[in-house]
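J.: Listed here are the chains, written in short residue letters.
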Amino acid sequence: DVKVTQSSRYLVKRTGEKVFLECVQDMDHENMFWYRQDPGLGLRLIYFSYDVKMKEKGDIPEGYSVSREKKERFSLILESASTNQTSMYLCASTPTGGVYGYTFGSGTRLTVV
Amino acid sequence: GDSVTQMEGPVTLSEEAFLTINCTYTATGYPSLFWYVQYPGEGLQLLLKATKADDKGSNKGFEATYRKETTSFHLEKGSVQVSDSAVYFCALSDQGNNNDMRFGAGTRLTVKP
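Going down the list, the protein sequences come from chains A and B. Counting from 15, one number per residue, gives the positions in the first sequence under the working numbering. Counting from 72, one number per residue, gives the positions in the second sequence under the working numbering.
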């Protein structure tokens, strides 16, 4: 079964820490995405990547960066975690073409204290 | 820009009731349309899709028809079960741009025995 795997389901970090959220897909998809999901705000796109070493800002990139050194792995980095980054983070991938839909990971619930 | 508007929830039904969740879209091109489902504590899963006008997507007893004349993609199920309790998201994707999946706000469905 094809998969998008996020490294942690639950994570608790302290304010000011550097946080890495890892996402790996085994489907050879070109495109990968990071979203955050908050009650009442829906899904908001943070960053996406359409190829190795390529990245594009989404709707809310402030306070985040990303890394895509290999096709299968897309990392989200919180440079200095803050309490307003407490959220559910979802990774997704899709092949090129626009007709396939996204495959999502199970999510990482991050709490910053 | 492209957008999706879906029926606000929450929706509460009794088991075996008929389900409709309304979804309308605004798009300049010819988008693909999707329904995703999110169970508690999980990421989103692709439920069904349609890529052109009059296509019907179906899966697990759920159906939705791509109606270009009414710009709609309503989700239906003839007889819901308790296990269908989840949040449902309508979404569209510009077929020329994988980086532009637009999600609705989500509709929470609760099915009572």
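Hints should not be assumed to be uniformly reliable.
[Said to hold, decoys possible] DSSO-like, lysine-lysine: derived pairs with alpha carbons at most 30 Å apart: (1) A/Lys17 <-> A/Lys27; (2) B/Lys148 <-> B/Lys127; (3) B/Lys148 <-> B/Lys131; (4) A/Lys67 <-> A/Lys85; (5) B/Lys123 <-> B/Lys148; (6) A/Lys67 <-> A/Lys84; (7) A/Lys84 <-> A/Lys71; (8) B/Lys123 <-> A/Lys71; (9) A/Lys17 <-> B/Lys131; (10) A/Lys32 <-> A/Lys69; (11) A/Lys27 <-> A/Lys69; (12) A/Lys17 <-> B/Lys148; (13) A/Lys27 <-> B/Lys183; (14) A/Lys17 <-> B/Lys127; (15) A/Lys69 <-> A/Lys85.
[Stated by the list, open to error] Covered by chain A, per the in silico footprint, the following chain B stretches (three or more residues, Cβ under 8 Å): (16) 72–83; (17) 172–181.
Honestly, the hints are just simulated from the structure, not real lab data. Small disclaimer: the values here were computed from a predicted structure and weren't measured. All residues carry an ideal CB built from backbone N, CA and C; glycine is no exception.
J.: Now tell me, hint by hint, if it's right for this structure.
T.: Hints and how they fare:
1. A/Lys17 <-> A/Lys27: holds, 26 Å
2. B/Lys148 <-> B/Lys127: Distance ~13 Å between B/Lys148 and B/Lys127 Cα, so the pair holds.
3. B/Lys148 <-> B/Lys131: Holds, at about 9 Å.
4. A/Lys67 <-> A/Lys85: Given pair A/Lys67, A/Lys85 holds - Cα atoms ~9 Å apart, limit 30 Å.
5. B/Lys123 <-> B/Lys148: holds, 21 Å
6. A/Lys67 <-> A/Lys84: holds, 8 Å
7. A/Lys84 <-> A/Lys71: Since the Cα atoms of A/Lys84 and A/Lys71 sit roughly 19 Å apart, the hinted pair holds (cutoff 30 Å).
8. B/Lys123 <-> A/Lys71: Distance of about 29 Å is within 30 Å: holds.
9. A/Lys17 <-> B/Lys131: holds, 20 Å
10. A/Lys32 <-> A/Lys69: Holds, because 20 Å separates the two Cα atoms, which is no more than 30 Å.
11. A/Lys27 <-> A/Lys69: holds, 25 Å
12. A/Lys17 <-> B/Lys148: holds, 27 Å
13. A/Lys27 <-> B/Lys183: violated, 37 Å
14. A/Lys17 <-> B/Lys127: holds, 26 Å
15. A/Lys69 <-> A/Lys85: Within the cut-off at roughly 12 Å; holds.
16. 72–83: violated (count 0)
17. 172–181: As far as the region 172–181 of chain B goes, the hint holds, because 5 residues have Cβ atoms under 8 Å from chain A.
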